[in-house]
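Okay, here's what each chain looks like letter by letter:
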Amino acid sequence: MTHEPNAIPSRLDPERVPRRDLLGLTALWTAAGTLFFSVVGMMRIPKAAVLSSPSKKFRVALPDTLAPGVAYVPPGRSVALFKDEKGVHAISTICTHLGCIVRPETAGFECPCHGSRYDAAGVVTKGPAPKSLPWLKVVNAGGQFTVDEGATVPPGTKVSA
Amino acid sequence: MKKNKYLLLLSSLGTLILLVGAAVQENFGKDWRKIQATAHSDEGPIPVQLRQIVNGTLRTSDRCVSCHVAMGPGEQSVTGSPLLVQHKKVVHDPAEYGCAICHGGQGQATEKEAAHGEVEFWPEPMLPASRSYAGCGTCHATLHVPNHQTYLRARATFERLDCRTCHRVNDRGGTVRPGGGSLEGPDLSRVGLAGYAADWYPRHLQHVSDAASATAPSPPPSAPPSAWKTAFAPVSGEDQAAVKTYLDLLVGAPQFVEAKSVFNSSGCLGCHKISGVGGDEATDLSRAGERDPGQLPFHEVAGRPTLENWLGEHFRSPSGVVANSRMPALAVSDQDIDWLTFYVLSLRRRELPSTYVPRDRVRATKLGEREYADDGATLFGTFCAGCHGPKGLGRRSPGMPSFPSIASPGFLALASDDFLIATIRQGRPGRRMPGWERDGGLTRDDIAKVVAWLRETSGTQAKPDPKPRRWVETGQGTADKDLGKRLYAASCSGCHGDKGQGIEGPALNNQILLANATDTFLAETISGGREGTSMQGFLAGSSSRRSLSPQEIEAVIAFIRTWEVTRK
Amino acid sequence: MSVKEPPSAPTALQEFVTNLKAAPRRIAETAVRSGTPDTDRTRSTFIFGNVFLHLHAVRTHRWTLRWAATLGLGIASVAAFLLTLITGVLLMFYYKPYTDVAYQSIKDIHFVVPTGRLIRNIHRWAANVMVVTVILHMARAFYTAAYRKPREFNWLIGMGLLVVTLGLSFTGYLLPWDQLAYWAITIGANIAQSPREVTDALGLTDVFDPGGLQKLLLLGSDAVGAEALIRFYLLHVMILPLALAALLSVHFWRVRKDGGLAKPADVDQRLGTPTVPTYPVFTMAPNKTYQLAAIVRGRTPAVGRGPENTVPSMPHLFYAELGVFMLTVLVCVALSVWSDAPLKELANPLVPENPAKAPWYFLGLQELVAFSAFAGGIVVPSIVLIGLGLIPYLDRSDVGTGLWCGGPGGWPLVRRSIAVGLGIALAVEAFIIRFGWLREWIPGIPQLVITVVNPGTVITLLYGAWSVWMVRRFSSARAGALALFTCFLCGFVVLTIIGTYFRGPNWGFYWSPADWPKH
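Protein chains in written order, with the numbering used here: chain A, 1 to 161; chain B, 162 to 729; chain C, 730 to 1248.
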């Protein structure tokens, strides 16, 4: 069918192919980009930038009466410290199964939640725990020891007193 | 529609630019990030992240360690920028206490000005670095601090006796043992807190005799001879007492203690209260160090608008900074004004969780122990010197009635101990002298000590008075009250007020005065005057005042006594 | 001879693989069923095939798309609301509505929460922008007489939205728990208690105390404290937003059912020919592009008339709305980047702010409240609300609908009313600033007299008198409404400006904050 310019098209005519709307597309994509950028920015909010729990590094002074093989647990921390003639080491007391706090026993650790058992070096001897208890980094700073709960060291690492 | 597309495009672009700018600013532009980027520890560069010290009991989250990284727990080895230095060794571990509880400021902030509290709407700016030890006052109330003179003498004695030869105190002194190892004597910087052996002197002497005697184990040949043989000499009892005073005050904050000793020489507690002790003429100072500089007037204060500067000006010229102030300007040296400023800055006694209330504060507030030493000189310095002058010779300040001289020999010769004690105990109700036993918290013992000190410094005892307390009415001839009234109006009312209410001179109608002053006291004072004041003797008279005969003086006394309300 | 076997049907496994491979494309196709909106049909399905979009009509009238028709204020209000909603939800991750930790949580949001400072600033600015746009939108609806039949009820819904918006802003004001918040809400609660002014004067308070009840319901206690905070939090994050969303849905629905936005009766002549060729919609044409669920009585896009002057909503209305939305976002983000949301010292019940100021939109009222809490806080706002609510029911003519300042009087009347409104407000303010009011001249005067005779009631009466005069002059309720609305709008502006910039400690008048007396 012929097509007269300036005539109001009738609904019965086939559709005219519209010209590509560069301005509109640019505008829309810019808007979409801005909104996408802002959504990504907003998604950063739930991830806290700083945790309100106490610092992972803490200083501890071992009591003089601490016998070798006896655990010292600083109040409020999930760490067991030991001192013997080779030095001082720290073992995390967070059970590797589901996170309960293990109890230092005479030779090793025992978890009250599901019965995992560890030996004196933190190696799993019994129960559902998948890994041994990690040894935590200890630094000797002039008589006082600083334990870093966020850093692990190979088992057997001891820091001389 | 085209307009709308342009609108959409331009607004989106504008928003995008702003958001990107904000993102860049937050992720790259922050000062703490820049500082941490230059920092490194023994193990290499440190992770760049916000750091904070959290104390759940004190409810603080101090982010100072985001910039001052090396002061954080376990981060001592971090270096890089000039900010990254370790915290000085202090009594309390910053890793537990955080920073703001001692230093003030806004611990939650992460930008410098906000963190230092130097922004509007943060009422507690950080203490200036030179006065950091004023922060001890947030929790502590050091006990038994003497006046400044006593403190200086105690410290000088300690220095003179060369105790620092073996002992380290406040980062000075101490020698290493011959043969190596530790210092000869323990570090005494905190023995006021930790305690020390009460029999230190006999034990020192024991060491000396051990070193000298043949029964002592002989030192290895290569070692130098025992220092005890020559270093320690006997110490007099007076010096021992001074050393004890000094040791008891070694709490790891020497400036704090000295400032308090200056305070205890300035008599501020004569009008002000701290933690419930003191006079009630003026504001409670317990938290004066926490005042918000944003609420204070600074038009009379030179320099920056800080609380420090305001306090200094307050001491120099109180009515310039506090409207209608009745505080006399302190005529003391600049050094003393600095000390007083220091001490007032330390008055930040906020409510604390029970696990953090120190022993000294419990003893001061709950167990009634004193923050000032209880010798007469310190008591006078703490409570009386502010009004009556450092030597008790009275004080005059422009625009206000003068404070009487209580240590002049003339006065003390007339005033019996009973008179002094009663006056101090009951004060002058309605006037500025508080009743120290009832309201001020002093015991009779304290008051007696003050009186004893007054007598001792002036060297004057009370003249015994053979006459009865009241002899005017019953004496030879009845005294004429009407004559007394006329004479009073003519000669006395100018200074003492027409109703005896007191203007320049003391209030003569005060019931406590009338109850305790004997007629001899009144007669002698009127006759002979009070040296050092404008009260001249009326017996002799002068070119400006007529003289009064003894009978006229008795008439005046009789008139004055009519103001006395006798309880039946 | 080989029998040609028909091609075997695909096995189940082959079908499975084919379907799996086609799945992504099919997911896209089933999610967006309408296809690219390049024909009128697809443009229509784009709108009504989407649950969020189908609140819009498929076609929009060209008249209402013009900028001058609405200034985009309605969309700007919705945009501001969406901004506050989203930023508000994000803030809820960190804000703690308990008096001992609220202030700290705001400080944390400002200093350590990632993007927290910007989000909080946007929240505050968008809230202020929303109050402004809502008031301007109401003014636009009034001046274009868009409240007339059949839109009367939508006007009332709009007023409900105004009240809920102010309520949202007011409840949010308390949450930072700083000095600004605490004392502003103390004032607000005491205004709620102000009926006591009247019941006290009449000696009725013991038996009839609506004021006390209002304050108790608001605060949950007799002073602003932890109970008030949690109540305001509940109102702010749940009750009022839900109320707003519900009212908004009704508001938009009503716009649809009322036949779109208000237009003048001779709109077709005013418009002229369209510049963009569009398919005319003949309602008698076949293949109408949307389905009718049922035959219903009521106003719908015109049935049985000639070609409409409408254009497809997609893309015309789409771009207009998006444009306004992004402009609002730009304004709010720009304000947020430039200026921080205020946060003063921690709330201290023992130290009143001086001056203690209500949020800015209530400062005009606070100006009046300085004389009589009841008159300024309850009477005048009630008169205003009732007056606004009655407008569509008192002005029932249809002259000038859809045109700015339409109706008898027109722009000249509005111009004169601006002068009268500003003049009366400024004159009364100047008077009270210079001479004080009744209590300064007659110290023992009973409060009840002041409750009746105070600047608020005086201004209201004077405005009312002007409005009545205009009614009689033009024999038209619309003229009176134009006069009254304009006067109140001007009065609101004058009082708010004075309350914001020229009132200092003890509510004294100061030309500048530099003149405020020092402590």
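Hints listed in this document are in silico derivations from the structure and should not be mistaken for laboratory results. All figures in this text were calculated on a predicted structure; none of them were measured in a lab. Every residue gets a Cβ at the ideal spot worked out from N, C-alpha and C, and that includes glycine. Be aware that one or more of the hints could be misleading.
Have a look at the derived ranges for each label pair, beta carbon to beta carbon [claimed, not checked]:
id	chain 1	residue 1	chain 2	residue 2	range
1	A	Asp64	B	Pro243	37 to 47 Å
2	C	Ala975	A	Leu22	38 to 48 Å
3	A	Ala151	B	Gly398	56 to 66 Å
4	C	Asn1077	B	Ala609	21 to 31 Å
5	C	Arg1125	A	Phe37	47 to 57 Å
6	A	Thr152	B	Pro395	38 to 48 Å
7	B	His201	C	Gly1237	50 to 60 Å
8	A	Thr152	B	Leu513	31 to 41 Å
9	B	His201	C	Thr747	51 to 61 Å
No farther apart than 25 Å at their CA atoms in a straight line, the calculated lysine-lysine pairs in the BS3-like style are these [to be verified]:
id	chain 1	residue 1	chain 2	residue 2
10	B	Lys191	A	Lys47
11	A	Lys57	B	Lys552
12	B	Lys610	B	Lys434
13	B	Lys434	A	Lys56
14	A	Lys56	B	Lys250
15	B	Lys624	A	Lys57
16	C	Lys986	B	Lys191
17	B	Lys552	B	Lys628
18	A	Lys57	B	Lys250
19	A	Lys56	B	Lys610
20	B	Lys273	A	Lys137
Anything over 12 Å on all C-beta distances counts as not near chain B; from chain C, calculated [what the hints assert, rightly or not]:
id	residue
21	Ala757
22	Thr771
23	Pro1071
24	Val1181
25	Ser1241
Checked hints:
1. With their beta carbons about 39 Å apart, Asp64(A) and Pro243(B) fall inside the hinted range of 37 to 47 Å.
2. In this structure, Ala975(C) and Leu22(A) meet the distance hint of 38 to 48 Å, their C-beta atoms being roughly 41 Å apart.
3. Separation of Ala151(A) from Gly398(B) is about 58 Å and conforms to the stated range, judged on CB atoms against 56 to 66 Å.
4. At about 44 Å, the CB distance of Asn1077(C) to Ala609(B) disagrees with the hint of 21 to 31 Å.
5. Separation of Arg1125(C) from Phe37(A) is about 51 Å and conforms to the stated range, judged on CB atoms against 47 to 57 Å.
6. At roughly 60 Å, the beta-carbon separation of Thr152(A) and Pro395(B) lies outside the given 38 to 48 Å, and the hint is violated.
7. Between His201(B) and Gly1237(C) the C-beta distance comes to about 59 Å, which sits within the given range of 50 to 60 Å.
8. Taken as a hint, the range 31 to 41 Å holds for the pair Thr152(A) and Leu513(B), whose Cβ atoms sit roughly 37 Å apart.
9. Between His201(B) and Thr747(C) the beta carbon distance is about 60 Å. The supplied range of 51 to 61 Å therefore holds.
10. A distance of roughly 19 Å separates the Cα atoms of Lys191(B) and Lys47(A); the hinted pair therefore holds under the 25 Å criterion.
11. Restraint check for Lys57(A) and Lys552(B): the C-alpha separation of about 56 Å exceeds 25 Å, so the hint is violated.
12. For the given pair, Lys610(B) sits about 21 Å from Lys434(B) by alpha-carbon distance, which is consistent with the 25 Å threshold.
13. For the hint linking Lys434(B) to Lys56(A), the alpha-carbon distance of about 44 Å lies beyond 25 Å, and the restraint is violated.
14. For a cut-off of 25 Å, the pair hint linking Lys56(A) to Lys250(B) stands: about 21 Å separates their Cα positions.
15. Pair hint Lys624(B) plus Lys57(A) does not hold up; C-alpha atoms about 73 Å apart against a cutoff of 25 Å.
16. With a C-alpha separation of about 54 Å, the suggested pair Lys986(C) and Lys191(B) falls outside the 25 Å cut-off, and the hint is violated.
17. Distance hint between Lys552(B) and Lys628(B) is unfulfilled; the C-alpha atoms sit about 31 Å from each other, more than 25 Å.
18. About 18 Å separates the Cα atoms of Lys57(A) and Lys250(B), which keeps this hinted pair within 25 Å; it holds.
19. For the proposed pair Lys56(A) and Lys610(B), the alpha carbon gap of about 56 Å is over 25 Å, so the pair is violated.
20. For the hint pairing Lys273(B) with Lys137(A), the CA-to-CA distance comes to about 33 Å; that exceeds 25 Å, so the pair is violated.
21. No Cβ of chain B comes within 12 Å of the Cβ of Ala757(C); the nearest lies about 25 Å off, and the non-interface call holds.
22. With a cut of 12 Å on Cβ distances, Thr771(C) stays outside the contact zone with chain B, its closest approach being about 18 Å.
23. For Pro1071(C), the condition that its CB be more than 12 Å from all CB atoms of chain B is violated, with the nearest at approximately 8 Å.
24. At roughly 39 Å from the closest C-beta of chain B, the C-beta of Val1181(C) stays outside 12 Å, upholding its exclusion from the interface.
25. With a least CB separation of 17 Å from chain B, Ser1241(C) remains clear of the 12 Å interface cut-off, as annotated.
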